[in-house]
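Asks: Residues per chain, in single letters:
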Amino acid sequence: MKKKITVEGMHCASCATNIERSLKKISGVESAKVSMMTRKAIIEADEKVTDEELKKAVARAGYKAISIE
Amino acid sequence: MNHKYHGETAEEKEIESWKKKLVWGWILVIPIILFMYILPFIFRIMILSEELMIWVSLVFAFPVMFVVGFSTLKSGFRGFTSFYFNMDSLIALGTVVAYFTGVGTLFFELQNYSGISAMIMIIFVTGKYIESKARGRAGQEIRKLLELGAKNARILRGKKEIEIPISEVKIGDVMIVKPGEKIPTDGTITKGESSVDESMVTGESLPVDKTKGSSVIGATINQDGVLYVKATKVGSDTFLAHIIDLVEEAQGSKVPIQKLADKITNIFVPSVLGLSVLTFIGWSIFGDFSSAFGASIAVLVISCPCALGLATPIALTVGSGMGAKRGILIRRGEAIQTMKNIKVVMFDKTGTITKGKPEVTNIEVSKGIKEKDFFEIAGSLEKLSEHPLSKNYTNLKSHKEVKSFKVLRGRGIEGTISNKKYIIGNKRLMEENKIKIKDFIKRIENLEGEGKTVMLLALEKDKKVLGLIAVADSVKEDSLKALNYLHKKGYYTVMITGDNERTAQAIAKEVGIKKVIANVLPEDKSEKVKELQAKNGENVAFVGDGINDAPALKQANVGIAMGTGTDIAIEAGDIVLTKGSLVGVCEAIELSKATFSKIKQNLFWAFAYNIVAIPLAVAGFLHPVIAEIAMALSSITVVGNANLLRRRKI
Numbered sequence: 000m001k002k003k004i005t006v007e008g009m010h011c012a013s014c015a016t017n018i019e020r021s022l023k024k025i026s027g028v029e030s031a032k033v034s035m036m037t038r039k040a041i042i043e044a045d046e047k048v049t050d051e052e053l054k055k056a057v058a059r060a061g062y063k064a065i066s067i068e
Numbered sequence: 000m001n002h003k004y005h006g007e008t009a010e011e012k013e014i015e016s017w018k019k020k021l022v023w024g025w026i027l028v029i030p031i032i033l034f035m036y037i038l039p040f041i042f043r044i045m046i047l048s049e050e051l052m053i054w055v056s057l058v059f060a061f062p063v064m065f066v067v068g069f070s071t072l073k074s075g076f077r078g079f080t081s082f083y084f085n086m087d088s089l090i091a092l093g094t095v096v097a098y099f100t101g102v103g104t105l106f107f108e109l110q111n112y113s114g115i116s117a118m119i120m121i122i123f124v125t126g127k128y129i130e131s132k133a134r135g136r137a138g139q140e141i142r143k144l145l146e147l148g149a150k151n152a153r154i155l156r157g158k159k160e161i162e163i164p165i166s167e168v169k170i171g172d173v174m175i176v177k178p179g180e181k182i183p184t185d186g187t188i189t190k191g192e193s194s195v196d197e198s199m200v201t202g203e204s205l206p207v208d209k210t211k212g213s214s215v216i217g218a219t220i221n222q223d224g225v226l227y228v229k230a231t232k233v234g235s236d237t238f239l240a241h242i243i244d245l246v247e248e249a250q251g252s253k254v255p256i257q258k259l260a261d262k263i264t265n266i267f268v269p270s271v272l273g274l275s276v277l278t279f280i281g282w283s284i285f286g287d288f289s290s291a292f293g294a295s296i297a298v299l300v301i302s303c304p305c306a307l308g309l310a311t312p313i314a315l316t317v318g319s320g321m322g323a324k325r326g327i328l329i330r331r332g333e334a335i336q337t338m339k340n341i342k343v344v345m346f347d348k349t350g351t352i353t354k355g356k357p358e359v360t361n362i363e364v365s366k367g368i369k370e371k372d373f374f375e376i377a378g379s380l381e382k383l384s385e386h387p388l389s390k391n392y393t394n395l396k397s398h399k400e401v402k403s404f405k406v407l408r409g410r411g412i413e414g415t416i417s418n419k420k421y422i423i424g425n426k427r428l429m430e431e432n433k434i435k436i437k438d439f440i441k442r443i444e445n446l447e448g449e450g451k452t453v454m455l456l457a458l459e460k461d462k463k464v465l466g467l468i469a470v471a472d473s474v475k476e477d478s479l480k481a482l483n484y485l486h487k488k489g490y491y492t493v494m495i496t497g498d499n500e501r502t503a504q505a506i507a508k509e510v511g512i513k514k515v516i517a518n519v520l521p522e523d524k525s526e527k528v529k530e531l532q533a534k535n536g537e538n539v540a541f542v543g544d545g546i547n548d549a550p551a552l553k554q555a556n557v558g559i560a561m562g563t564g565t566d567i568a569i570e571a572g573d574i575v576l577t578k579g580s581l582v583g584v585c586e587a588i589e590l591s592k593a594t595f596s597k598i599k600q601n602l603f604w605a606f607a608y609n610i611v612a613i614p615l616a617v618a619g620f621l622h623p624v625i626a627e628i629a630m631a632l633s634s635i636t637v638v639g640n641a642n643l644l645r646r647r648k649i
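Protein chains in written order, with numbering that gives the first Met the number 0: chain A, 0 to 68; chain B, 0 to 649.
Everything labelled a hint here was simulated from the structure, so no lab data went into it. Computed from a predicted structure; not experimentally measured. Using N, Cα and C, we set each Cβ at its ideal position, and we do this for glycine too. There could be a bad hint or two in this list.
As the list claims (entries may be wrong) - With a cut-off of at most 25 Å between alpha-carbon atoms, the simulated SDA-like pairs for lysine to any residue come out as follows:
(1) B:Lys463 to B:Gly367
(2) B:Lys19 to A:Ile65
(3) B:Lys132 to B:Leu21
(4) A:Lys32 to B:Phe603
Stated by the list, open to error - Per label pair, the in silico range of CB-to-CB distance:
(5) A:Ser30 to B:Glu363: 31 to 37 Å
(6) B:Ser70 to A:Ser26: 31 to 37 Å
(7) B:Leu109 to A:Lys47: 40 to 46 Å
(8) B:Ile610 to A:Glu7: 41 to 47 Å
(9) A:Lys47 to B:Glu530: 52 to 58 Å
(10) A:Lys47 to B:Ser473: 52 to 58 Å
Construct all of the structure, not just a fragment, from the sequences and the given hints.
Replies: What follows is the structure, given as C-alpha cells:
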C-alpha cells in the first residue's frame, strides 16, 4: 500500500529526515521518503497501518499532516 | 486529488510569512545596531549610559526574539523534549542563550550578547526568506506541472452546454473544447478536427493533428477547431496525474552519493549541541565566561545542516524540473548517478529506432495464383492476428471464415479456410513446414536488404508458396541525429530485435549502429542485456518501449522507457521519455550528467563549509553575527548553485 502525505511546516533539511525517522518507527511501514521540495512524504506500508498512526508520527516529529491520499 | 490550495500555494504562504517577519525584524534591529554599534564604534558617540544600553538592547531585542522568532523558537525547543532536533534547535538555543546574557550582565561581569541575539535571529530570517524564494525558483517547473490541470469543463448534458468543475466530470461525459482552451481531461475525440499543443505535458514542441477517434491528453491546449471530446479518464487516472505522481515520487528518491550527507544530517544537530557545550566548558576553563558564551553561540549558529541536507534534493529538483519541461521524467534519482558510468546504449528496434508502424510495401503473388484469392486469404488470416504487422493489411479484402487459427510465436500464424490449411510467416516457419521456398530466397534477401520484413503465404498441403508480403517500419526522423550524437560522445550502441538479421542490419546501417542482435524473442531481451553486462561491465543502458521491454529495462543499469502521448508504461524504466524522439535519450544523458555534477559541487561545498567553519567557531575566531551570516550564505549558495543548472544548455 502506497500513501502520500502532504506535510505542513517543513522548512529545513533536517525536518525531512525527522519525519522520515518518525514514520519509519511505525511497525508496518517499509519505507518513507520525504521531500521538503514537494512537502510530501511517500510511504510504503502494509494494510494495517492507519492514517491516524501516520498523522501521529508526523506530529511527533513536530509537523502537521494536512492530507493523506 | 487536489494539488491546488485556496488562494495561494504553500510555497507562497511560506515566502510571504518570512517576508513579514523580515520587515518587522529589521525595523526593530536597526535601532539596536545604531545605538550599540554604529554610534559608539564608528562615530564614537555614546548617548546612552552603559546600563541604559543593556536595557535598550533587551527591550528592542525582545520582540525580534519572541515575536518574530516565535515559530523558530517553538519548533526549535520542541526538539529538546521530543528528541527530533532540527536546525531551529540550534538557532533557538543560540539566540536564547545570547539574549539572557543581557539579563546576566545586570548581575555579573559579562559581555552583553542580547543585541546580538536579535541580529542573529534577523539574519536567520533573512537567510530563510532568500532561501525559500530560491527554493521556489528551483521548483518552478514542477509547480507549473502541478498547476497545469484545467479547473472547469464545458460539457454536453442532453442538448445543453453546461460548465462544471473538473472534479465533477465523469467518464463518458462529452466535453466541448473551443480553440485556445485547455482540454479538461483525457479523452477521445467524437467530433471535430484540430491541432493540439501537447508541449506542456509531453515536451513535444510541434502541435499534433487530431481528428475523430484520436485520443487527447487533459491539460493540453486545443488550437484551431472546436472539439467534442468524450472523457475516458478522470481524476487520479489521467496522464497528467500519473506524471505528477511520478515526479513527486522522484523528488523523494535518493541518489546514492548523498548517503553520507544524509547520515551526517541525521546526527548533525545533536552533535553540534554537544560540541557547543564542550566549547563552552573549554573556554570557561581556559578563558573567561564572555568568550565561552561568544564561541559556543558561534558554534551553534554557524553549523548548518541545511547546506548538507539540501545539496542533493535541490539539484535533483532543478534537474528533474528541467527534464519534465522537455518530456524527460526522471523516476529514480539513482539513475542520475549511474548514468555517468554508462558506456553501452542498447536500443530496441521497433517503436524505438523505428516508428513502430509497419506499412505494407510490396505484395508479390506467385504465378498461377489469382491476386483476389491471395488478398482474401491473407487478409482473413491476418485480421485475426494481433501482431503489429497485420494491422494495415486487414483492409486488403473481404474476410472468409477461418478455423483453427493459431499464433506461432516469433514465426507467424496458421489457420484453415474452406478446409485448406494456410500458413503466413517468416522463412523459419516455412522451413519448419517443409515449404519449398528456393525460388523466393533471392527475392526475400533483396527485400530484407532494404530493411523490409518479408512474410510468405503458403498452402500447407501442396508445400507451395502463394506469394509474399513485405512490410517496412521506417526509421524515425531524428534517430540518425541522435545516434550520431551518441557515437560522437563515444557511446557504443547496440540494436536488439526479434526481426531477422538482414532486415535488422539494413535498419542499423541506416542509423549507423554497428552491433546488431537479431532473432531475439521478446522474453530473451533481458538475458541479452545480462550477457552484455557480463562482457562490458555494469554500464549498459537500455532504451525500449516499456511495455514489451519491461524486464530488459529493469535488468539494464539505466532503463529508459519511451512512449508517445498516452502510450507510455510509466512503471517501467528509471527514466521515462514522453515524446517519441530518440533525441530525448541524448538529452536525458546530458541532463543526468549535468545534474549529477551539480550535486557533487553542492556536496563538496557543504562539507567543506562545515569542516572549515565549525573549528573556526570552536576556536573563538568568529563573532556570532559573522557566524550567522556565514551560515545563511552557505545554504543560499547551495540553492543558488543548483539554480545555475538551468544555464546549462541541454
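Asks: Now, for every hint given, state plainly whether the structure supports it.
Replies: Hints versus structure:
Taking the CA atoms of Lys463 (chain B) and Gly367 (chain B), the gap is near 12 Å; set against the 25 Å cutoff, the hint holds. Distance check on the hinted pair: Lys19 (chain B) and Ile65 (chain A) sit about 24 Å apart at the alpha-carbon level, within 25 Å; holds. The suggested pairing of Lys132 (chain B) with Leu21 (chain B) holds, with an alpha-carbon distance near 13 Å, which does not exceed 25 Å. Between Lys32 (chain A) and Phe603 (chain B) the alpha-carbon distance is near 24 Å, which keeps this suggested pair within the 25 Å criterion.
Between Ser30 (chain A) and Glu363 (chain B) the C-beta distance comes to about 59 Å, which lies outside the given range of 31 to 37 Å. Between Ser70 (chain B) and Ser26 (chain A) the C-beta distance comes to about 32 Å, which sits within the given range of 31 to 37 Å. For Leu109 (chain B) and Lys47 (chain A), the hinted distance range of 40 to 46 Å is not satisfied, since their beta carbons lie about 57 Å from each other. Checking the proposed 41 to 47 Å range against Ile610 (chain B) and Glu7 (chain A) shows it is violated: the Cβ atoms sit about 34 Å from each other.
Separated by about 43 Å at the C-beta atoms, Lys47 (chain A) and Glu530 (chain B) break the suggested range of 52 to 58 Å. At about 54 Å, the beta-carbon gap between Lys47 (chain A) and Ser473 (chain B) stays in the expected band of 52 to 58 Å.
Violation of the numbered hints given earlier is confined to hints 5, 7, 8, 9; the remaining hints are satisfied by the structure.
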